[in-house]
Amino acid sequence: MYQDGLLAHYRAPHNRRELKGATGRATRKNPVCGDEITVMALVDDAVLSDVSFTGRGCSIATASASMMTDAVCGLPAAQSVAMVELVERTMAGAADISAIPEGLAPLLGVVPFPGRHGCALMPWQALREALAGQG
Amino acid sequence: MLHALAPRADFPLLAAQPALHYLDSAATSQKPRVVLDAVRDFYETANANPHRGAYALSAVATDAYHDARTTIARFLGVADADTLIFTRGTTEAMNIVASSWGNANVTAGDEIVITALEHHANFVPWQQLAKRSGATLRIVELTDAQTIDLDQLRDVVNGRTKLVAITHVSNAVGSITPLDEVVRIVRARSAAVIVVDGAQAVPHLPVNFDALDIDFYAFSGHKLLGPMGIGALVGRRAILESMPPYQFGGDMIEWVHDLDSTWNVIPHKFEAGTPNAADAVGLAAAVRYLETLGMANVRAHEIALLELAESRVKALPGITVYGPPAAQRSGVLSFSVAEVHPHDLATILDQHGVCIRAGHHCAQPLMRRLGVSATARASFYLYSDSQDVDALCGALEAAQQIFAYAE
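Protein chains in written order, with this note's numbering: chain D, 1 to 135; chain L, 1 to 407.
Rather than coming from a laboratory, the hints here were simulated on the basis of the structure. All residues carry an ideal CB built from backbone N, CA and C; glycine is no exception. Misleading hints may appear alongside valid ones.
Said to hold, decoys possible - Covered stretches of chain D (chain L as the covering partner; in silico rule of three or more C-beta atoms under 8 Å from a C-beta of chain L): (1) 28-42; (2) 48-61; (3) 79-91; (4) 95-102.
To be verified - Here are the computed distance ranges between Cβ atoms for each label pair: (5) G103(D) with D390(L): 36 to 42 Å; (6) G115(D) with T143(L): 47 to 53 Å; (7) A105(D) with P317(L): 53 to 59 Å; (8) T274(L) with G115(D): 32 to 38 Å; (9) G115(D) with P18(L): 19 to 25 Å; (10) P112(D) with R312(L): 28 to 34 Å.
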């Protein structure tokens, strides 16, 4: 699970910054470990034109957030939500692995560790909340 | 080489998984075969509903349940065995006191004293009792070594204090509370009822309830080699007799008229419904196993392991250990590793066959005071040995290798 792809995102996360003018934001916390991720989204004309996150978390949560921002930035908002569902199905072992974009491949390493699924999903669930009601 | 106090071969799960280093006994203990046999044996040879039948088998079941109670009471230094109420565990025991005693005796203007060290089971029931009743919740803070600040306790307890709830041993950092001193302080300043959480004490230290001058003591059987779902609340007879029941139903009644009922005597008043007799019998077997080893030996073994583990772990870079020195703590080592999130630590250790707990340990108020959201916790018991310590340290080094250059 801790291969270089994942660790690189943990050591130097992409898009960990505040997003001024965000049209949506949401925070998810994991009460078991106290991790907290806030995802900020800027939706412009139904397209997710910018996305970022803040907060501290374990390597899985942080790397997942980082990879997420790369994967969804520039997508139509609806497609971003569909990607959240794809990641959830992947964790549940119910997705076609070939549907996973290459940038998210390190997340596949988390699938055999059910205790860490929550960590991987935390930023994605925050993204869905942040996008809720923004078309 | 520090050998285990009890042979691994006595524990089927550990015997079947020789590469497993189980260091989460504070969460739940592994079970010796004699306990599993006792539970099975009850169902195979003595199973009937205690107290209710008029036939020989029912008498066998009743005796087995009764004998379990007296065995466990004796182990805890409780001469009056009927003041030992079987419960599901410590959590249920605390809720019984908060509900049954608390609702009838605590009102607005009263004070309830707890500490920052408490497990949620000995924190939240009192917090909610305070909210319900309008009483004031006072929280005694900690020393730098994460023991209860007795000077603060002296300041906080006063004539308005109705109840003091305190842990005997902290599950999160292992601190042992000097109960005699606490009792002296509380008795000198108030008429408060003293409730003690013994969940992490009974498995690891000799406990003598009758010598303690407290009002309630609770513990969980699964932490001392017993089955899950069985524990007890011990209380002074006068208090238990004065309390209204917690749950209503069969066995706890004497007469049931149409519009009202009368209650059975203790312990039955607080044991509504069919008892968990099989697991009470299992717990009695666990107690006999511990008596064979001797609790003083259990304690000495843990101190030796803890000192070894602490010195080895502290020799690694970037380690913070929480809690007081080994002589004042039970076999719990709570620590954090710089650069490695507790969750990641637990996963990597798992890959090396080492089971530890990473999280808030059901002690979020304590974690806040430590300035962390989670720690890693390794806990030892009578089947742990120095090879477990070796495995722990080896895995910690591996984790540090992986994360050495992270942030």
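Hint check results:
no., hint, result
1, 28-42, "holds (count 5)"
2, 48-61, "holds (count 4)"
3, 79-91, "violated (count 0)"
4, 95-102, "violated (count 0)"
5, G103(D) with D390(L): 36 to 42 Å, "holds (40 Å)"
6, G115(D) with T143(L): 47 to 53 Å, "violated (34 Å)"
7, A105(D) with P317(L): 53 to 59 Å, "violated (33 Å)"
8, T274(L) with G115(D): 32 to 38 Å, "holds (35 Å)"
9, G115(D) with P18(L): 19 to 25 Å, "holds (23 Å)"
10, P112(D) with R312(L): 28 to 34 Å, "holds (30 Å)"
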